[in-house]
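Trainee: Chains A and B, in that order, are what the protein sequence lines are.
Residue numbering for the first sequence follows the working numbering, beginning at 1 and increasing consecutively.
Residue numbering for the second sequence follows the working numbering, beginning at 1 and increasing consecutively.
Careful: at least some of the hints might be erroneous.
[Said to hold, decoys possible] Now the stretches of chain A that chain B is said to cover, found in silico as 3 or more residues with beta-carbon under 8 Å:
#1 268 to 275
#2 329 to 335
#3 339 to 349
[To be verified] Quick look at which bits of chain A chain B covers, simulated, 3 or more residues with Cβ under 8 Å:
#4 25 to 39
#5 84 to 93
#6 304 to 316
#7 353 to 363
Hints in this document: simulated from the structure, not taken from any laboratory.
Bear in mind the structure is a predicted one, so any value in this text is a computation, not a measurement.
All residues carry an ideal CB built from backbone N, CA and C; glycine is no exception.
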Amino acid sequence: MLDFERIQLSNGLRVILHRAPSYQMVVTNLFIGAGSKHEQAGSSGLAHFCEHMMFTGTKRFPNYDEVIHSSGGNNNAFTTADFTNFYHTLPFYQIETGIQLEADRIMNLDFSEEKFEIQKKIILEEFKETVLNVPYGQKWHFIRPFLYENHGYSWPTIGASYEEVEKLTLEDCKSFFQQYYSPQNMVLGIAGNIDFDSTLEMLEKSFGQLNQRAHFKQEEIKSPIYSNNWGKELIIQEDVPLTNTMLLFPTVGRMEADFPAYDVISEWIAGRKQSPLTQHLVNRRELAHGIGSYLSGSEDPGFLSIEMAISKSIETSAAIDQQERYLAKLAKYGITQSQLDGILNRLDFEYELQETSLHNRIFSACYAEKLNFFDFFTQERKHYRNLTVYEVNACFSNLWDPSNLTRVTIEN
Amino acid sequence: MKTITTENLAIDMPQCVKLNNGLNVHYIDEGEKDVVKLELIFNAGRWFESGKGVAAATARLLQEGTKIYPGGLLNEAFEDLGASLKIMSNGDHLIISAYANNNKFEETLELLGQVLEYATFPAKELKHYKKLLKDQQEINYKKVEYHGQKIFFQNAFGMNHPYGYKLQADDVDAVTRLNVIDHFDATIQPKNCMAFFSGKLPSDWEEVLNDNLGRWDVVDDGEKFEGFHSLESSFQYRHVKLMEDTKQSAIRMGKPIFTKRHGDFWKFQVVNTIFGGYFGSRLMQNIREEKGYSYGIYSAVQSYQNSGVFYIATEVNNEYANVTTKEIYKELDRLKSESISENELTKVRNYMLGNVMSSIDGPFNKAEALKDLILYGLDTNYFYEGIETIQSITPAEIQDIAQTYLDQNTIYEVIAGQPA
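Same shape as in the complex, but just chain A (with noise of 0.2 Å):
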């Protein structure tokens, strides 16, 4: 259908061509699987800031951006607590610039000491402006070490604290590249009007150099990783104008089976304007101010969060009294088949609106290609469709235990 090409190098980078004649920028995507979660505790932060060190320049590009400007293009990167992500985007015809700079700054990063302090200055204050200088922004830095213990999933992608970042060391710095920025770690993707056999070609001459890392090692994720906290309460004091609550409960990893059904829940329970929770509490009770739902959608087990602002002068336990016992008769009844059919054309359609963009294709790709599956998005498609109302509504009785229910409470 879509014109994709896959190839592994000889030193297991794997890369994905993607042609697609009718545009003009090229879009060159790089996967990492270096994520917060593989970081240690006590130096978190880690991947996050190596991702800011892939910008301070190599001897032959010292301005990674400058190159990409000067080119006519633009870039970007995040990083999740599973893996890192760059792109770039450049106009097809400079598709080689692109390609030597990405090999360059992988294989021949300075790491120099002055770049390092000023991006660390850069990290705190993208510290202090999405975590310590909004409201409710700390939760997550409560939350997460709450529900998760033995794993880096106990802290955000940012760092644990500001403090922890603080201490940081470009020694840490080089470690964690050392050990994560390997090629049989990577998986590079590459979209656009494209012709394969001269971008092989290109890609042998650069990408093709790049060595195994020595101390490159998976780790393996140590189980349980869930703490012993789920099915407690948890009340953070903050200073906030309106209290929110969170109701957590724990699901399955990105690609179980199961993962499917649970999106279909979150979607249905509190995901829309018209969904019931919002529907109950939020228009009819005038309880709440505002009511979402959020899956984490990790690799490793996440959660599903149903998160509800309270309205001013409404009393909490009320509103989480009547929250609860909503969902309970939602458990009971469960999801109609016309409700089903409504969710699964929902999703279906972002899927497609997103797949219009090309980079989102092209990461999609890197993504499942670095889960070893290939056709996994096209599959979990197929999956999503063949759900029934027994299988979602029996996720929901499970996921629907007081063992299970983590409430939050961020207050003033």
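With chain A held as given, fit chain B onto it using these hints.
Mentor: Leaving out everything else, chain B in the frame of chain A:
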């Protein structure tokens, strides 16, 4: 470093079809996926409202139910079809944006037609909207960037100017259901609308559009605001809002400028890019990369129908707030007094040309770019003039633009936080 080539940068105006009721539909039939986008843009934004918040309330209520699909059922009906509906308003326009699966295009358009002909504007929803805004405002009031933005636009344009006010809960409290209905009657009409349609269009699209949008017409011809809002800029060029318990301060600086129809707009865009419009800009390099004062700093130019704005935005560590402001003025001075190097200028040229290329890549991007021309009464010549300007602007012209438009004494400065 060589300048990138632009032979591939070609764009044609979209074709246009007129529906039975006079509605103009500009369309682009391109794409690989079964998704289409339809946008209806009305001259029904703040500029045309009878009071603050009326346009926003209208946009909100239009989405809150029709006779057949009351309340949230309307959204649900859209989404169940694998479609989506968003209605929003800004300084100039009210915009109805729908994405549809091209296999369910007819059913989706039936729903859209209902929104235009059978909207009920429920009183309960208006009440709810007012309450929501109050709650949201409590949260926003804690944010330095919210206040920085609010005060900047107030001072630059005027507290009551359509481009200047930040909608407050109190403003919306005064809006009545009748205000909303009047606004709708006066402005949501086919003759006051431009439609943009893009993606992999279904074969019978023209028929479907005529059936569902081509019979809709004005019912009660309301009174539309035909006047002009003059700028009411404050004389207070410096403003500090002290806020407790903040670790950062928000800095907003800038001024009103011209619209994109102005002869200098493209040149100004180049100057803006050099100054703060991309990662390699003067501001980013100085404030973030060299000094680490902030996670991000940028400048932007935006055009509205009747004015434009140039602004600089950042959030910095409190202790660096005043120092950052000084550095921003220093960089403004550099633009005026120093001739830009060929190297740096080539870098900016290439970045901007790449951006132009990106902006027309793919059917939805292309539609967006063309919509932007048509809404301002421009055509593809504007696009080619832009490319020409980017390629040929000289260092002297850049200094000239900066000297003409970026006089320090005309720049508004706002800091919100605990600047030291």
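Trainee: Now look at each hint and say whether the structure bears it out.
Mentor: Right, here's what the structure says about each hint:
no.	hint	verdict
1	268 to 275	holds (count 3)
2	329 to 335	violated (count 0)
3	339 to 349	holds (count 6)
4	25 to 39	violated (count 1)
5	84 to 93	holds (count 4)
6	304 to 316	holds (count 3)
7	353 to 363	holds (count 5)
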